[in-house]
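*Asks:* This is what each chain is made of:
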Amino acid sequence: MDVFNLIFSFLYQFGDAFAFLVLSACGLAVIFGMMGVINLAHGEFIMCGAYVSTSAAQAGLPLALAIVAGAVAAGIAGMVVELLVIRPLYQRPLDTIVATWGISMIVTQGTLIVLGPSMQGVGTPFGSFAMGGYSYSAYRVLLMAAAVGTLGLLWLMFTRTRFGLLSRATIQVPHVAEAMGVNTNLIYSLTFGLGAALAGLAGGLYAPTMTLVPTMGASFMVEAFVTVVVGGADIFLGTAPAAVVLGVIKAALTGWQGQLAGQIGLLIAVIVVIRILPRGISGKILKERA
Amino acid sequence: MAEQSRLRRALRLIEGPQTIGRGPKFWIGFALVLAAACIYPILADSYDVGNNVYFFNWLFMAMGLSLIWGYGGSLSFGQTAFFGIAGYCYGVLTINLGGAYGMTLLSLLLAVGLSALFAAVLGYFMFFGRINGVFLGIVSLSVTLVLERFMAQTAGPQWAIGSARLNGFNGMGGMPSLTIPWPGGDIVLFPGLPLYYLTLALLVTVYLALRMLVNSRFGNVLVAIRENPLRAEMLGYDIRKFQLAGFVIGSALAGLSGVLYTSWGNYITPASMGMTAAALPIVWVAVGGRSDLTTTLIGSLAVLIVFQMLTIHGSQYALVVMGVLLVITVLAAPRGIVMGVVAVAGRLTRRKEGR
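Residue numbers (the numbering used here), protein chains in the order written: chain A, 1 to 290; chain B, 1 to 355.
These aren't lab readings, by the way, just hints derived from the structure by calculation.
Glycine included, every Cβ here is placed at the ideal spot set by N, Cα and C.
Hints are supplied without guarantee of correctness; some may be wrong.
Stated by the list, open to error - Here are the simulated SDA-like pairs of lysine to any residue, each with C-alpha atoms no more than 20 Å apart in a straight line:
id, chain 1, residue 1, chain 2, residue 2
1, A, LYS287, B, ARG130
2, A, LYS284, B, GLY129
3, B, LYS241, A, VAL272
4, B, LYS241, B, VAL223
Stated by the list, open to error - Just a few of them, taken from the derived set where beta-carbon distance is under 7 Å, the chain A residues facing chain B:
id, residue
5, GLN91
6, LEU94
7, ASP95
8, TRP101
9, MET157
10, PRO278
Unchecked claim - If we take Cβ atoms under 7 Å as the criterion, some of the chain A residues that face chain B in the derived model are:
id, residue
11, PRO88
12, ILE106
13, ALA218
14, PHE225
15, LEU260
16, LEU267
17, ILE268
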């Protein structure tokens, strides 16, 4: 029975780490995979989602709808940013990173000025359940389901819908897609909006479990970066397996030495991985397939 | 004789294709600025002099970033990691060794050496793994963010090296300032005249040395890699080694900034490695014009001064202004504002000559 409890505890830790890695990274991964742009304002879209969904929940909206509202708000903000700042820089991907960092500074400090140093959160819902003497948060189990669900929905979106088809055509050969009548600018705009909305979703989902401060986005950044670097450009062949591998590392180290050890472990893992698999897991898989 | 000609050849590299500013006009201007900088402390009060040293401290990191990013084309967002490592290392060493007998100078060398070593290890994995520019930026940024979080949790008494407490988020203080052993009484370099002249001399030396470096064969290869890595490789250069060397030199300069800053204020905190701290060098260098040492120097100094003025008069808005400045620079003047102004001025004078 003890062994069972131990295994369950580890699985819970792993699932928690996996969900956090997938949800914090998938917005960044979609934008990077499709457009080759690393969005350093990713954390601020997460913050935006968290703030909007919390305000909506406090205004009386059910939590699920509030989270969706947060994702939508972040998505719209993302499309505005794409239009104003990213679009003129398509030819200079490295400058895009710098520009999005500027946006990140503006938004973090602007939020601090307008909304103050912290915001009243909503408590974690659904309480907890006990298993073999330990208690676990039911909401965190829901987050694991949300991570898997998000990946599933993204897969359906990219393989089964017209938007998915056009966007895959656009990344493969942009000018041929354009010649075939695809409005590539619209696709880029929607993709960036999708990435931002996914970030907002992560923010909304994690808002009940965290303190809401303007710099909260930064606490997602390391995990998101690490997952995208290890995963490479493809979200399904990269981000998902990377989150599995890194989730095991993080859960093991966190259980052994605490939260920070988990993060340092992730960092060391990523530094070793770039030496062996410079293009990430998906780069390796796609190369072998080709 | 051979030695002399080698020296002359090295000195000739001070002007070259990779640096703007050549000919007597530029050097007369340089001499005038230097003379003004030498006279300045006599005219200003001691607070302003100390404050200027503070600005100078950061310029080493800015020039290092210009070498890595502007000349080498490698996007490093984690220069503050080396700044912090060297700063903490200096603090730990000097608290344990004391300030006498030139120990602070030894600590300076060791601290800068350690940050260079750390850069070499990290750079080995990054450059020999051949990750591209985008990933380089986020890996180096992750390193500095994790270092910040690591240092921020070292509050307990178990986090001490020798007699130096790391003090977690509150930062480490109480380390001695740089001290030069001198017959008839050590010279303690607290913010004031001696430190001002020492930092200025160091700044001029580093600036001129970097000018020679980027105009040498090494610098030319570095620029060739920035322009087209594949072509540089096909021409037979091992680009990984050149990139790594540039990264280590630039990071050692960030380390030098860290030591000087720690010695200047007798204080270093984890926040000096955080997201905001890491963004600021990017702003200075990008706004000034990263692809040239002189514009980086002028631009960084200008942005630092403006930032401090903003912090004094409307502290909350300073970072917003920095962010706006960065976005506008990237969108409108990708080569930096100094170069933008020079280009506009050049166009105007040329038009006049044309008439």
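*Asks:* None of the hints should be skipped; say for each whether it holds.
*Replies:* Cross-check of the supplied hints:
| no. | hint | result |
| --- | --- | --- |
| 1 | A:LYS287 <-> B:ARG130 | holds (16 Å) |
| 2 | A:LYS284 <-> B:GLY129 | holds (14 Å) |
| 3 | B:LYS241 <-> A:VAL272 | holds (19 Å) |
| 4 | B:LYS241 <-> B:VAL223 | holds (14 Å) |
| 5 | GLN91 | violated (11 Å) |
| 6 | LEU94 | holds (5 Å) |
| 7 | ASP95 | holds (5 Å) |
| 8 | TRP101 | holds (6 Å) |
| 9 | MET157 | violated (24 Å) |
| 10 | PRO278 | holds (5 Å) |
| 11 | PRO88 | holds (6 Å) |
| 12 | ILE106 | holds (4 Å) |
| 13 | ALA218 | holds (5 Å) |
| 14 | PHE225 | holds (4 Å) |
| 15 | LEU260 | holds (6 Å) |
| 16 | LEU267 | holds (5 Å) |
| 17 | ILE268 | violated (10 Å) |
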